[in-house]
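Visitor: Put the two chains together into one complex; each comes in its own frame, and the hints tell you how they fit.
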Amino acid sequence: MADSRAIHRHDHTAREAVLPEDAAKILFDGVTFEYIDAQTGERLRAIDGLTAQIRENEFFCILGPSGCGKSTLLYLVAGLLKPTQGKILVGGRVVKGPGADRGLVFQEYALLPWRTVRENVALGLKIRGVSREERDAVARRFIHLVGLDGFERKYPHELSGGMRQRVAVARTLANSPDVMLMDEPFAAVDAQTRAVLQEELTRIWAQSRLTVVFVTHNVDEAIFLGDRVLIMTPRPARVHSVIPIDIPREERSWAHLDRDPRFAALRGRIGDVMRNLGDGSASNHDRG
Amino acid sequence: MAIPATSLSRPVPRQPAWQTTAIRAVPFAVALAAWWLATSPWGGLPRYVLPSPGAVLDNALELYAKGTLVSAILSSIGRMLLGFAFGSVLGVGLGILVGTNRAVAAFFMPLARFFQAVAGVIWIPLAVLWFGLSWKSVTFIIFNTVFFLVFYNTLMGVQTVPRTLANSILTLGGSRWDVIWEALIPGALPGILVGLRVGVGYGWRSLIAAEIIASGQGLGVLIWEGQRLFRIPDIILGLFLIGLISLTMDKLVFAPLQARTIERWGTSARAPQ
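Respectively, the protein sequence lines represent chains A and B. Just so we're aligned, residue 1 is where the first sequence starts under the working numbering, counting upward by one. Just so we're aligned, residue 1 is where the second sequence starts under the working numbering, counting upward by one.
Take these hints with a grain of salt, some might be off.
[Unchecked claim] Here are a few chain A residues that sit away from chain B, every Cβ distance over 10 Å (derived from the structure): (1) 35; (2) 44; (3) 85; (4) 96; (5) 131; (6) 133; (7) 152; (8) 208; (9) 241; (10) 244; (11) 255; (12) 278.
[Claimed, not checked] Here are the computed distance ranges between Cβ atoms for each label pair: (13) 15(B) <-> 249(A): 25 to 35 Å; (14) 176(B) <-> 137(A): 25 to 35 Å; (15) 109(B) <-> 157(A): 26 to 36 Å; (16) 103(B) <-> 96(A): 20 to 30 Å; (17) 25(B) <-> 141(A): 45 to 55 Å; (18) 93(A) <-> 103(B): 24 to 34 Å; (19) 17(B) <-> 96(A): 49 to 59 Å.
Just so you know, the hints here were simulated from the structure itself, not pulled from any lab data. Where is the CB? At the ideal position from N, CA and C, for every residue including glycine.
The shape of chain B in the complex, shown without the other chains (with noise of 0.2 Å):
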């Protein structure tokens, strides 16, 4: 074969993986010292204005002592993982279906759109409602947000999935089913995906909406009985673990996901890192 090897993939030169966690450390310690410098004496922001990092800290180990900051987040997390599970998996299925059937589509993406436009935090008050103040509507408004971020990108991927693909498989003896699960379920895994990442970021501003409303318990009363209180440490502390939580669950399920589909078969941008 006379063909020339020049295109096939070159390996890009990959750095070590210690190498690449410390360069991506270095904003987050530059963060942190600009914190504590603007915290310090020589800064001089009032601590009523921003505690520094040590009182902050110190807060944390008192919460934990105390027992209330694990439990805040653990009742966080499990209504967040719930209302995620639940949400991304309607999403998903409902967003293949109506995807998949273009009568059904034209007759859901309408409706689509407007409850797009109007989910999540607006809900509180009927879930509130409908579910009273306890950790049900919680979880309802994070299952609201989610659902519809991954229903719309869902039907979005499946709709971006080149027509020839779905003939080629028609053509190669291929049901309407080998069609869904071999060219549109796999060709909207970037849709998915986004609607996915998109999804726990929202999740987590409703959570702490609705927590505030609707819970005596969580990170969102943590933040919100910290304004209250003249706690200020507490709100930051609050802030920093969300920021966290969400940071780790993209770095173990996310990322590790789209490393092994979209990226491995060329099918993303490279994700930005």
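With the rest of the complex left out, here is chain A (with noise of 0.2 Å):
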């Protein structure tokens, strides 16, 4: 796994189609998922044959509509369910259960109330056995990182909801997973926070190059964040087709992409697909 990290970090730009297996930081091969309905009894599938890779270090985005199973998706990598057909690997291991490797960050938050921000933040470590010094500093560290300095102490119904989801990214990225999964992590706030905390996770994850996973039903926000985003499919979910986004890094704040060429042309074209695809949801001019 550290080899392959090693030979994929500089180079992962130049190829764009397939990657031999083992060059994946994620592989999805041949997905299937499928549940017995709790009222009806029926046997349903969300997810039908899906093959996809994740490369090392990307920022990924899965977009789709409402119900199509994208969750789901996130649900299996983190290894909260279990495909019925076909694997997943991460770091070239089949995915058995649930991992410290594989950070979640819920769409919901999942703080835990009875815990302040602190505590939250260090939980993952505290679970791990580390010292309580050594995680308030790394807690402190977290906390700064997601600009809730002086909040330490406050408990979860205390914050707003933008300030809960950054707790909740911290907690992720003080675990320091291999790969951090995004589970609409921000469709719950305001318009305008939630552009703040785009262009901060962004700047977050180039200082970190984490691998991430990030579902949502938004053009807009999976255009901005993504290095690629798939689209999949309504139910049973497969892959319509992955776009690479060739918007540099360095352009990508919200001042400068809502009058840039490139950035209307993907989200018009992105758009005529989610509407072809059936979902009345998918709006280009919100972001969220």
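Guide: Here you go:
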């Protein structure tokens, strides 16, 4: 795993199409997920033989209509669900269950209400048995990174939605995962806060060079954040297409992109695809 | 950081403690005045219906001087604490055990519902047969009442903890034990506290009923004998003392516990004061 990382860290932009299996940070290999509907007892297929690859250090967005199985895909990578068929490899190893190497940021924050900001951020370290002084130091660093200095002793219910999601991101990062999975993390915050959080997330990602898998139903968000955007079909979900976002990182600020013709072109193209897939909720003009 | 701080917790303007206490004392003062007025010559309620506050107080002082009042209070409180301690510890423990294991829950839930419906004083006849006419029967009845209330509410509390909290601990590398300790137990606390508080109330009612039948001593006996010997001030006194002890217990134990935990965490609606 360490070898493949060393080889592909610098040249991954040159490889566009198919990578050898061991070069992908995350590999979906014919993944099918079925479940029994609790009401009807029917067997339903949420994901249908999905195959895709995500590179090391990549910011990979998964875009699809509401209810198409995007979150299910993340839960499969996190190991909270198991594929019915096929397999998922992370760092060359088959995913068998949840693990600290794959952090998940939940849409609904999932902070512990009975823990302060600092205790929430340090939770992963506490679970691993890291000493109190060390986890406090690490927590302080990541609280600073997400701009919440001074809020260490607050409880989650005392924070706004945007601040809670910052805590959730800090908690995931403080646990030093290889992969950060994000399940529509900014869907519940207001538009202005969301724009700020999106810009900060790219800044944090650029510093940490994590592999990020970011699920959203919002076209603008996917283009703004992603190196590539995977568009999923409605259920049962398959890969519709994978679109590279060729806007340089240093030009990705909302102030700039709102007038950028490449951004407008991508938005038009992806928006058309989404409309054809039959999702009325995909909007070009709203960031969430 | 350009996040406006408007949604941060605003301190609720707080009254001084003496003021709060004074305000809460008002309804009691009104009730006392109404009682006094009703039993006075203007109210005209005969004393065999309701004795006056003064008569009840005189009676209390008399019983206190004889020593029977203190021993009745102490023996009732002792039984209550013993039964409550067993019932709540076992109730919380088993509630969490059953709540964290789906198979065990499926087995126990129907049983729990059945026994909750028939918990408490229904067991007095059996308790007397098993433990005789003694404090043991009384304690068993309190235990039986408190246990099922605490067990059931703990179980409900565990089951209402959002699934994502457990998932978040698993994705941080936590074990099943971490999920129970970090998420399920603190998450069940609102339910546990409801169980304990309701348990105290029902525990006292059971105690009175059980003492009447199975014991020669305690506040229940004071009330029962009061009826039998037509000593109405005894009945009123017993009633007043039980209310006072319950209120004190709530104020000293449960209110601070709740303020320090679920109210601070924002996981409870503010408790009715």
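Visitor: Each hint: holds or not?
Guide: Quick rundown of the hints versus the structure:
no.	hint	verdict
1	35	holds (15 Å)
2	44	holds (19 Å)
3	85	holds (23 Å)
4	96	holds (13 Å)
5	131	holds (17 Å)
6	133	holds (20 Å)
7	152	holds (14 Å)
8	208	holds (17 Å)
9	241	holds (29 Å)
10	244	holds (29 Å)
11	255	holds (13 Å)
12	278	holds (29 Å)
13	15(B) <-> 249(A): 25 to 35 Å	violated (55 Å)
14	176(B) <-> 137(A): 25 to 35 Å	holds (29 Å)
15	109(B) <-> 157(A): 26 to 36 Å	holds (31 Å)
16	103(B) <-> 96(A): 20 to 30 Å	holds (23 Å)
17	25(B) <-> 141(A): 45 to 55 Å	holds (52 Å)
18	93(A) <-> 103(B): 24 to 34 Å	holds (31 Å)
19	17(B) <-> 96(A): 49 to 59 Å	holds (57 Å)
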